[in-house]
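S.K.: Single-letter residue listing:
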Amino acid sequence: MDNKMIVSSSPHIRAIESVQSVMTDVLIALFPVALMAVLLFGYQALLTMVISVATAMAVEALWLRKRDLYSDGSAAVTGLLFAMVLPPAPPWWLVVVGSASAIIIGKQVFGGIGYNIFNPALVGRAIVVISWGGYMAGRVWSPPQPFAFGADISAVTTATPLAGHEEALAVSLTQLFVGNVPGCLGETSALALIIGGIWLYYRGHIDWRIPGGFIGAVFIMGAIFGGGFYGNHLMTGLFHILAGGVMLGAIFIATDIVTSPVTPTGRLIFGIGCGLITMLIRLWGVLPCGVTFAILLMNAVTPIIDNFTVPQQFGGVKKSA
Amino acid sequence: MGNTVFKGGVHPDYHKEITATMAVTAMKVPDKVVIPLQQHIGAPCEPLESIDVGTEVKLGQKIADSSGFVSAPIHASVSGTISAIGPYNHPLGRPVQAITIESDGQDYWDDSIKPAGDLGKLSQDDLRKIIREAGIVGLGGATFPAHVKLSPPPDKTIDIVVINGAECEPYLTADHRVMLEKPEEIVFGLKVIIKALGAEKGVIGIEDNKADAIRVMEKAVAKEESITVMPLHTKYPQGAEKMLIQVTTGRKVPSGGLPLDIGVVNHNVGTAIAITNAIREGKPLIERVLTATGAGINYPANLMVRIGTLVSDVIDACGGITENTRKLIIGGPMMGLTQPDPDIPVIKGTSGILALTDEDIYLAESSPCIRCAKCVSVCPVQLMPTSIAQAAEHELFKRAEKLHAMDCFECGCCSYICPSKIPLVQLIRIAKAEITKTKK
Numbered sequence: 001m002d003n004k005m006i007v008s009s010s011p012h013i014r015a016i017e018s019v020q021s022v023m024t025d026v027l028i029a030l031f032p033v034a035l036m037a038v039l040l041f042g043y044q045a046l047l048t049m050v051i052s053v054a055t056a057m058a059v060e061a062l063w064l065r066k067r068d069l070y071s072d073g074s075a076a077v078t079g080l081l082f083a084m085v086l087p088p089a090p091p092w093w094l095v096v097v098g099s100a101s102a103i104i105i106g107k108q109v110f111g112g113i114g115y116n117i118f119n120p121a122l123v124g125r126a127i128v129v130i131s132w133g134g135y136m137a138g139r140v141w142s143p144p145q146p147f148a149f150g151a152d153i154s155a156v157t158t159a160t161p162l163a164g165h166e167e168a169l170a171v172s173l174t175q176l177f178v179g180n181v182p183g184c185l186g187e188t189s190a191l192a193l194i195i196g197g198i199w200l201y202y203r204g205h206i207d208w209r210i211p212g213g214f215i216g217a218v219f220i221m222g223a224i225f226g227g228g229f230y231g232n233h234l235m236t237g238l239f240h241i242l243a244g245g246v247m248l249g250a251i252f253i254a255t256d257i258v259t260s261p262v263t264p265t266g267r268l269i270f271g272i273g274c275g276l277i278t279m280l281i282r283l284w285g286v287l288p289c290g291v292t293f294a295i296l297l298m299n300a301v302t303p304i305i306d307n308f309t310v311p312q313q314f315g316g317v318k319k320s321a
Numbered sequence: 001m002g003n004t005v006f007k008g009g010v011h012p013d014y015h016k017e018i019t020a021t022m023a024v025t026a027m028k029v030p031d032k033v034v035i036p037l038q039q040h041i042g043a044p045c046e047p048l049e050s051i052d053v054g055t056e057v058k059l060g061q062k063i064a065d066s067s068g069f070v071s072a073p074i075h076a077s078v079s080g081t082i083s084a085i086g087p088y089n090h091p092l093g094r095p096v097q098a099i100t101i102e103s104d105g106q107d108y109w110d111d112s113i114k115p116a117g118d119l120g121k122l123s124q125d126d127l128r129k130i131i132r133e134a135g136i137v138g139l140g141g142a143t144f145p146a147h148v149k150l151s152p153p154p155d156k157t158i159d160i161v162v163i164n165g166a167e168c169e170p171y172l173t174a175d176h177r178v179m180l181e182k183p184e185e186i187v188f189g190l191k192v193i194i195k196a197l198g199a200e201k202g203v204i205g206i207e208d209n210k211a212d213a214i215r216v217m218e219k220a221v222a223k224e225e226s227i228t229v230m231p232l233h234t235k236y237p238q239g240a241e242k243m244l245i246q247v248t249t250g251r252k253v254p255s256g257g258l259p260l261d262i263g264v265v266n267h268n269v270g271t272a273i274a275i276t277n278a279i280r281e282g283k284p285l286i287e288r289v290l291t292a293t294g295a296g297i298n299y300p301a302n303l304m305v306r307i308g309t310l311v312s313d314v315i316d317a318c319g320g321i322t323e324n325t326r327k328l329i330i331g332g333p334m335m336g337l338t339q340p341d342p343d344i345p346v347i348k349g350t351s352g353i354l355a356l357t358d359e360d361i362y363l364a365e366s367s368p369c370i371r372c373a374k375c376v377s378v379c380p381v382q383l384m385p386t387s388i389a390q391a392a393e394h395e396l397f398k399r400a401e402k403l404h405a406m407d408c409f410e411c412g413c414c415s416y417i418c419p420s421k422i423p424l425v426q427l428i429r430i431a432k433a434e435i436t437k438t439k440k
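Protein chains in written order, with this note's numbering: chain A, 1 to 321; chain B, 1 to 440.
Some hints here could point you the wrong way.
Taking lysine-lysine pairs in the BS3-like style, the calculated list, with each CA pair at most 27 angstroms apart, reads [to be verified]:
#1 A:4 with B:421
#2 B:421 with A:66
#3 B:28 with B:156
Derived by calculation from the structure, the hints in this document are not laboratory data. In this text the structure is predicted, and so the values were computed from the model without any measurement.
Could you build all of it, start to finish, from the sequences and the hints given here?
M.R.: Pasting the structure below:
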């Protein structure tokens, strides 16, 4: 009985889950998405992802003066997500600058993991879209060349299905679902994104309310205000869900735990808000997609949403105003 | 009847297999017991006038009492001679006045110990008086005097009595064993409680990881029309008063209120047995069943232990603790209290003695909150632990109060689940203490 006993406040046991295991789960969820990107866009997609992840991890390690590159895994997640929101074959320096900006301006200047207000990958994307729009918008999109790993896909470029009705009508819903359309690396294949989303949901890392609210709002807005150009109103709603970054944004980016609300009601409001703003931008704004800025805007109001959606405690009664 | 699950909660590793199949054995009567005068919620007891150092006492003799209503008298748990009256270390942290008795090894019962007679002939007041005089408190760990719960204010009608056989704390199996071994006593105790309250029915809630106990108890209530056994989903903190009542009756204890506000009283299975013993044999609460367990205990066991037995003696009876024991806990791993020293007595509320080793405990630094909201989703009372903890850290206690910090009953689910290993419930405790200070 000589050994000193530790005296501490309960509980005395902890779940094994750590920040690192959560981040690793996100990386696992992104694997089918990354795999699909490589199948569709070949080695250039792989290169973009590798540069982005390596830059993010290196910059974070340098900033924090840590030797552990992987550490809590959050830099790798940001790096990979940033690659997912880029065109398939951007210039390497654009990837490096964007990925570094994501880590430094998107995350570390706020105080590092947990303290950032905006999703870091989207901050990186916003910076490169505004700075080098010529590489990020218009007819810069290389059409996918499935299973042609070595092909130089940047030889041909076109516009995404969201650029206009003509481009939209050139693709079928099945093509959109599988991902065989021009677009960002990680956004085209709804199939791969849904597989990743199921994994995240199964592991308890995402709340259905955010993707549910997001996708639901996009569908309803698309069906009502989309003009029914894509076959009929319902088909147009479906088109808006599957085209552009809605699935990627709803499943992987809006659900970023750090930058979304913590309350159940807050998450539903957040998801619906993302969907509404996306559709406002798509239908009446100048940008073709809008997911990036929709999520960034909702990130900004997350603390307010949390404040207004404090859950009713067990056995509590609503105070009448 | 009620919902079968409550919102929130966690699934820790239960480790109940260590002792679940071990029958309760009576621990050898110790040479000395140290009986604290405060073992319950409420007014501390004072030694009776006839009690002093050198006084000879008999087993079951009342040695201390209080004039306060919310209190419970204290009895000698061995026969022998009082060797000291003074402060002694206590599981709750601060030394408390205690009476030390050197046992004569004879266990001579006091003359006052005799059966109370037929239950049918005893009035509600008789029952309350017998239970009070027997010093019975909530044996689940809350140690609230049992007779107080049986004396609701006249404007409240109690119709349901809930018996807590959930035993949701990992490791502990004391309640599990008494359900297997004393089912008839539990049912009789429940009938006493129902009668004392004029209630209509009783429900015995048992987590479904104790299938054998459910079977045994169902058999024991087979002939009782007003008593049912309800299997409960295994999830911590199923045995917490609010959760247990919600799933067994469908009623929600109001925030800041008591079960009796919704017509419910609940008691632990061990308390029911203590009540049975008081009515049938006149036996006061001088012993209880506890589980001594954990990887740090050499020979884990479910033991019947005299109140006042030193924890160090219990540990010795279990073959001592291992080299790598790092935490000695009174109670379970989720809500139990760590002890720097085993030189403390077993009190009425001691449901377990747990020794955890290096491998069981987690001592990592906490990292910043990543706002994953797992604490929000596991909180059984639907609070925002991360926000309250953050407010506490910045000493914004008004904000903590606005976020309903006082509704927290400190089950520890938030700290358990947090991937950033933030001491959430610990910070909330600070907030609660500060809020309580401002109320005084």
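S.K.: State for each hint whether it applies.
M.R.: Hints versus structure:
1. Distance restraint check for residue 4 of chain A and residue 421 of chain B: the Cα-Cα separation of roughly 23 angstroms lies within the 27 angstroms cut-off, and the hinted pair is therefore satisfied.
2. Restraint check: the Cα-Cα separation between residue 421 of chain B and residue 66 of chain A comes to about 21 angstroms, which is no more than 27 angstroms; the hinted pair holds.
3. Using a Cα cut-off of 27 angstroms, the hinted pair residue 28 of chain B and residue 156 of chain B is violated, with the two alpha carbons roughly 45 angstroms apart.
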